[in-house]
Amino acid sequence: MSRSKQIIGVAAFLFGVFVLVPLMIKLTGRWDFYYTLTSVALLSIASAGVWLTFYIGRINIGQGAYALVGGYVSAILVVKYGVSFWLTIPLAGLICGCLSILIGLPILRLKGVYFAMVTLVLTEVAKLTALALPITNGAKGISSIPLPGAISIFGLTIIPDFSQLASTKLAFYYLAVTLMVLSYAGLYRLVHSRIGHLCRSLQQNEELASSIGVNISYLRVIAYSVSSFLGGIAGAVFAAISQSIYPSSFQVADSINFMLNCFLGGLGYVFGPMLGTLVLYFGWDLLFTTGKFQLLIYSSLLIALMLALPNGILSLRLFNRKKAEP
Amino acid sequence: MEQIIANGLYLGSQYALIALGLTLIFALMNVLNFAHGQMYVLGGFVTYTVYAQLGLPFIVGLLASATTLAVVGALIEKFLFRPVIRKSHREESTMLLAAGIAFFLDAVILLVFGEKQRGVPKIVNGVLNWDFRIIMPYDRILICVLTIFFIAAFIGYMQYSKTGRAMRALAQDKVAAQLMGVNVARYSMIGFALGAMLAGLVGGLLVSITGVNLGMGGPTSIKAFMMVMIGGAGVISGAIAGGLILGMLESVGLSVLSQYGDITYLLIFVSLIIFLAIRPQGLMGKPWG
Numbered sequence: 000m001s002r003s004k005q006i007i008g009v010a011a012f013l014f015g016v017f018v019l020v021p022l023m024i025k026l027t028g029r030w031d032f033y034y035t036l037t038s039v040a041l042l043s044i045a046s047a048g049v050w051l052t053f054y055i056g057r058i059n060i061g062q063g064a065y066a067l068v069g070g071y072v073s074a075i076l077v078v079k080y081g082v083s084f085w086l087t088i089p090l091a092g093l094i095c096g097c098l099s100i101l102i103g104l105p106i107l108r109l110k111g112v113y114f115a116m117v118t119l120v121l122t123e124v125a126k127l128t129a130l131a132l133p134i135t136n137g138a139k140g141i142s143s144i145p146l147p148g149a150i151s152i153f154g155l156t157i158i159p160d161f162s163q164l165a166s167t168k169l170a171f172y173y174l175a176v177t178l179m180v181l182s183y184a185g186l187y188r189l190v191h192s193r194i195g196h197l198c199r200s201l202q203q204n205e206e207l208a209s210s211i212g213v214n215i216s217y218l219r220v221i222a223y224s225v226s227s228f229l230g231g232i233a234g235a236v237f238a239a240i241s242q243s244i245y246p247s248s249f250q251v252a253d254s255i256n257f258m259l260n261c262f263l264g265g266l267g268y269v270f271g272p273m274l275g276t277l278v279l280y281f282g283w284d285l286l287f288t289t290g291k292f293q294l295l296i297y298s299s300l301l302i303a304l305m306l307a308l309p310n311g312i313l314s315l316r317l318f319n320r321k322k323a324e325p
Numbered sequence: 000m001e002q003i004i005a006n007g008l009y010l011g012s013q014y015a016l017i018a019l020g021l022t023l024i025f026a027l028m029n030v031l032n033f034a035h036g037q038m039y040v041l042g043g044f045v046t047y048t049v050y051a052q053l054g055l056p057f058i059v060g061l062l063a064s065a066t067t068l069a070v071v072g073a074l075i076e077k078f079l080f081r082p083v084i085r086k087s088h089r090e091e092s093t094m095l096l097a098a099g100i101a102f103f104l105d106a107v108i109l110l111v112f113g114e115k116q117r118g119v120p121k122i123v124n125g126v127l128n129w130d131f132r133i134i135m136p137y138d139r140i141l142i143c144v145l146t147i148f149f150i151a152a153f154i155g156y157m158q159y160s161k162t163g164r165a166m167r168a169l170a171q172d173k174v175a176a177q178l179m180g181v182n183v184a185r186y187s188m189i190g191f192a193l194g195a196m197l198a199g200l201v202g203g204l205l206v207s208i209t210g211v212n213l214g215m216g217g218p219t220s221i222k223a224f225m226m227v228m229i230g231g232a233g234v235i236s237g238a239i240a241g242g243l244i245l246g247m248l249e250s251v252g253l254s255v256l257s258q259y260g261d262i263t264y265l266l267i268f269v270s271l272i273i274f275l276a277i278r279p280q281g282l283m284g285k286p287w288g
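Chains as they are written, first to last, in numbering that gives the first Met the number 0: chain A, 0 to 325; chain B, 0 to 288.
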């Protein structure tokens, strides 16, 4: 793809998300779409993290744990210590990142299915810890978290107080989409940097990479902590949107869904998880009308999609291009 | 003390049988079968239908659930896993498929059997009371004995039959087995069917004690994964050891830590992560899986 085409593509995407979607929703009056799209944006941030661990050749089914930790960190800071919500977003991400360095150092030595299963267990651990600790308020969780407040620099209001806005849905939509764009831009930059290329060498053969002098343990911890950082951010914003967080807010099923999003979009493409999340979430929502057959149709479609496109939806594009080139 | 050990043995033998099926499938095809818990639930519902609703003997119910699950397993392997494994660039893609199958089985169970908790009448009445040191209902003892019998039968089958030898060869080295004339496609299918059948058997056995409901699938899968990890993935002795260890831990934890609330599982999970950090391949597994 040439550079100008790339820029046009990005501009079209930004225009679509920031202008076209709100316009369409205003015209059609389907305000409930905001909530769906906001969720898609947030879940795709968490999925982007999972994708990054796939990129270093690890199957991560533990993103739910970090999303939960992020949500709790933000909720506790806002409710108990009165910290501004905007400050808690990066804080939640950083705490998750540091936590994941501690956890990741030992468990990243595991490979393949072992790593996958340990991360799966990690999700359960996070949930059970949230149930057991006093600060997280047990099964009752933390509810009635206040809406994000205003930010102003030199008296100039940059972000208005969410509780005074006419439509908090729109505000949250912009917040989530902005975060998503930033995360994916960062991820794209990371993957196409020197570190990204080194990470790809881990995915193919760790021993070989380390024999040429790649510091593999350093790289995989970095990748894992970036991944958890994204999970923490997503969790923090999610807690703010639903104004509550419970131990069951992010469960094993959510962790598995994050992984499915990546698979579905395609593991070889940075924007795969975004597409995967959109398709999975919307697919599930659209099937709501089918009532009790919802899960049956959804899972059948999932299996059929897997049979037809085992390498993800975006592999379709690659396939076409390869055909066209020779 | 005796009571705790007896409970642990009872839990552990059931867990071991579940883990055996999972580890067999993993050893043969390198597939982490997310749908294992759902297969177990399906087996429970089949036995419930045959035994409680049709009024046939319990053993018929067990046989019915074993056969059903074996057929389901064989079909899943032949029409779903095999094409995906052949076409996909990365072997992890099978995990998405397995998760999809887990959702699918959940949906089927929901539609066919409903979401209610189902139980069956007791198969044997009475309670063993040994001096108030061990108190255990007779049906639990029967189930425990049956489970141990099935485990022994499975080991014997894997050890001495031609099919079992072929499957062990496949698990050891796929290419070498193929060169020696083992039909990989056929034995993968048999292995998957056998693994699913074991899940069905446990489901059928346990429905007589704990009953069965739709929500049991996911947690059962996670427990089975843990047992397999403790023992080492793809190793039969490891699965049995893992099952017994988890059963014992749970039994001891629930009785010793009961006054601290629900932290048994938290402790088990945390110690598992620490254990795996020290010994990544589990107790008996091959290094790096």
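It is worth saying that the hints were derived from the structure and are not from the lab. Keep in mind that this is a model prediction, so the values were computed, not measured. All C-beta atoms, glycine included, are put in the ideal place defined by N, C-alpha and C. Hints may contain errors.
[Claimed, not checked] Covered by chain A, according to a simulated footprint, are these stretches of chain B (three or more residues, beta-carbon under 8 Å): (1) 12-18; (2) 63-75.
[To be verified] So, partial list: chain B residues that the calculated Cβ filter (under 7 Å) puts toward chain A: (3) Phe-102; (4) Ala-106; (5) Ile-262.
[To be verified] No farther apart than 20 Å at their CA atoms in a straight line, the calculated lysine to any residue pairs in the SDA-like style are these: (6) Lys-77(B) to Ala-303(A); (7) Lys-79(A) to Leu-146(A); (8) Lys-291(A) to Gly-113(B); (9) Lys-79(A) to Ile-24(A); (10) Lys-121(B) to Gln-13(B); (11) Lys-173(B) to Gly-111(A); (12) Lys-121(B) to Leu-141(B); (13) Lys-77(B) to Gly-111(A); (14) Lys-77(B) to Leu-306(A); (15) Lys-110(A) to His-88(B).
Hint check results:
no., hint, verdict
1, 12-18, "violated (count 0)"
2, 63-75, "violated (count 0)"
3, Phe-102, "4 Å, holds"
4, Ala-106, "4 Å, holds"
5, Ile-262, "6 Å, holds"
6, Lys-77(B) to Ala-303(A), "14 Å, holds"
7, Lys-79(A) to Leu-146(A), "14 Å, holds"
8, Lys-291(A) to Gly-113(B), "11 Å, holds"
9, Lys-79(A) to Ile-24(A), "37 Å, violated"
10, Lys-121(B) to Gln-13(B), "18 Å, holds"
11, Lys-173(B) to Gly-111(A), "18 Å, holds"
12, Lys-121(B) to Leu-141(B), "11 Å, holds"
13, Lys-77(B) to Gly-111(A), "24 Å, violated"
14, Lys-77(B) to Leu-306(A), "12 Å, holds"
15, Lys-110(A) to His-88(B), "18 Å, holds"
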